[in-house]
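**Q** Sequence:
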Amino acid sequence: MQIKPRHNRGSTDDRVEATMPETYGETDQYENLLIDRVGTDGRVARITLNRPEKLNALSQELLFEFWDALHVLEADDSVRAIIVKGAGRAFCAGYDITTPRGEGADGVVRSYKNVDSKNRRMLMGIRTGMQQITDIHMYFWNMAKVTIVQVHGFAIAGGCELAMMADLVVAADDAQLGHPGLRGMGTSRTGVIWPLVIGMRKAKELYLTGDPVTGTEAEEMGMINYAWPGDELEDRTIALADRITNMTADNLAILKLNMNRFYENMGIYSSVRSSTDLDAAGQFTEHSYTWQDTMKEEGFRAAVQWRDAPYRDYSARPRE
-5 MQIKPRHNRG
5 STDDRVEATM
15 PETYGETDQY
25 ENLLIDRVGT
35 DGRVARITLN
45 RPEKLNALSQ
55 ELLFEFWDAL
65 HVLEADDSVR
75 AIIVKGAGRA
85 FCAGYDITTP
95 RGEGADGVVR
105 SYKNVDSKNR
115 RMLMGIRTGM
125 QQITDIHMYF
135 WNMAKVTIVQ
145 VHGFAIAGGC
155 ELAMMADLVV
165 AADDAQLGHP
175 GLRGMGTSRT
185 GVIWPLVIGM
195 RKAKELYLTG
205 DPVTGTEAEE
215 MGMINYAWPG
225 DELEDRTIAL
235 ADRITNMTAD
245 NLAILKLNMN
255 RFYENMGIYS
265 SVRSSTDLDA
275 AGQFTEHSYT
285 WQDTMKEEGF
295 RAAVQWRDAP
305 YRDYSARPRE
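If you read the sequence shown in our numbering, its first letter stands for residue -5, the second for the next number, and so on.
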């Protein structure tokens, strides 16, 4: 998939300025991403999700660009590892579901209708769009390059799903990770790996409540590798990537893929695929219909307040 070059990046104050070497001029095409090099000899590439005004919510365009950038970096022999981070106040606040129906993240496949002539959602159209997002997740998982997600602020819903597919995850100790969409609006497509990394009991608890955890809590339960103070996160992430990339790219790929195949034999691919099917089906429950109606009639903020009010967290967290 190739994204046509675009050069108007907008004028949002929080957007990060690109610092790419001349050899990476082709990445000027991205409106929603920045790519630069860090670490020793520039052997670590860094992708910055660059929609800070939307807390880096995953729009169709950002997802397409991310997929394209992964392919570009996978083919670059000088890259040994990839860090993914977010610009502004958060890593990623989930999928962009505030766009008109059919144009948000679950409508990635523009040629396959996910709503009918009466603007009613269609199961197979939604499933097809979701499966394409899952294709991106699984490509991220299966890359030969080592991948590290660096979380600050929020990694919730789709942001948490994306983070879970990285080889390593590091976070600020006060970051929030979780999936509030589990509260009656489908499944977490990649959350089905949680039993493998945090154990069945805790995985079920998080799945059945949609509760968030802090970076510190996530480290303690094994969901992420490290939780560091926010002001140390950037430097320590780069140092970790630099340490890993002391080995050559081919040796790192062999080691990574050897480990990945173990988990694939345990059913990661089939589990994520079936979870995606159930996520699509989850859009047709009574709870989901109420969410959709609230979104349509009262707006996104009202919908998330309705969703989170019984739990008193995320958008409904009491102000201190």
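Hints listed in this document are in silico derivations from the structure and should not be mistaken for laboratory results.
Ideal Cβ placement from N, Cα and C applies to all residues, glycine included.
Be aware that a few hints might be false.
Mimicking DSS-like on lysine-lysine, the simulated pairs with C-alpha atoms at most 30 Å apart in a straight line are [to be verified]:
no., residue 1, residue 2
1, Lys250, Lys290
2, Lys250, Lys198
3, Lys290, Lys48
Simulated restraints on C-beta separations [what the hints assert, rightly or not]:
no., residue 1, residue 2, range
4, Asp271, Asp244, 31 to 39 Å
5, Leu272, Trp300, 43 to 51 Å
6, Asn259, Asp229, 34 to 42 Å
7, Thr242, Val191, 25 to 33 Å
8, Met118, Gln299, 28 to 36 Å
9, Ala303, Asp244, 50 to 58 Å
10, Met118, Glu68, 29 to 37 Å
11, Tyr133, Arg83, 36 to 44 Å
12, Leu272, Leu251, 26 to 34 Å
13, Leu190, Ser72, 43 to 51 Å
**Q** For the range 28 to 36 Å, tell me whether the beta carbons of Met118 and Gln299 fit it or not.
**A** Because 31 Å falls inside the window, the suggested range holds.
**Q** With 36 to 44 Å as the target window, see if Tyr133 and Arg83 comply at their CB atoms.
**A** With a Cβ separation near 28 Å, Tyr133 and Arg83 fall outside 36 to 44 Å, so the hint is violated.
**Q** With respect to the beta-carbon atoms only, verify the hint that Met118 and Glu68 lie 29 to 37 Å apart.
**A** Taking Cβ atoms as reference, Met118 and Glu68 lie about 30 Å apart, which means the hint holds.
**Q** With 25 to 33 Å as the target window, see if Thr242 and Val191 comply at their CB atoms.
**A** holds (28 Å)
**Q** Given the proposed pairing of Lys290 with Lys48, does the C-alpha separation stay at or below 30 Å?
**A** Distance ~19 Å between Lys290 and Lys48 Cα, so the pair holds.
**Q** Can you tell me whether the CB distance of Leu272 to Leu251 sits inside 26 to 34 Å?
**A** Holds, at about 28 Å.
**Q** Between Leu190 and Ser72, does the beta-carbon spacing fit 43 to 51 Å?
**A** violated (32 Å)
**Q** Do Asn259 and Asp229 keep their Cβ atoms within the hinted range of 34 to 42 Å?
**A** holds (37 Å)
**Q** Take the C-alpha atoms of Lys250 and Lys198, compute the straight-line distance between them, and say whether it is at most 30 Å.
**A** Cα-Cα ~28 Å, so holds.
**Q** For the pair Asp271 and Asp244, does the Cβ-Cβ distance stay inside 31 to 39 Å?
**A** holds (36 Å)
**Q** Take a look at whether the Cβ-Cβ distance between Ala303 and Asp244 falls inside 50 to 58 Å.
**A** This hint holds: roughly 52 Å between Cβ atoms.
**Q** Does the hinted range 43 to 51 Å hold for Leu272 and Trp300 at CB?
**A** violated (23 Å)
When each numbered hint is compared with the structure, violations occur for hints 1, 5, 11, 13.
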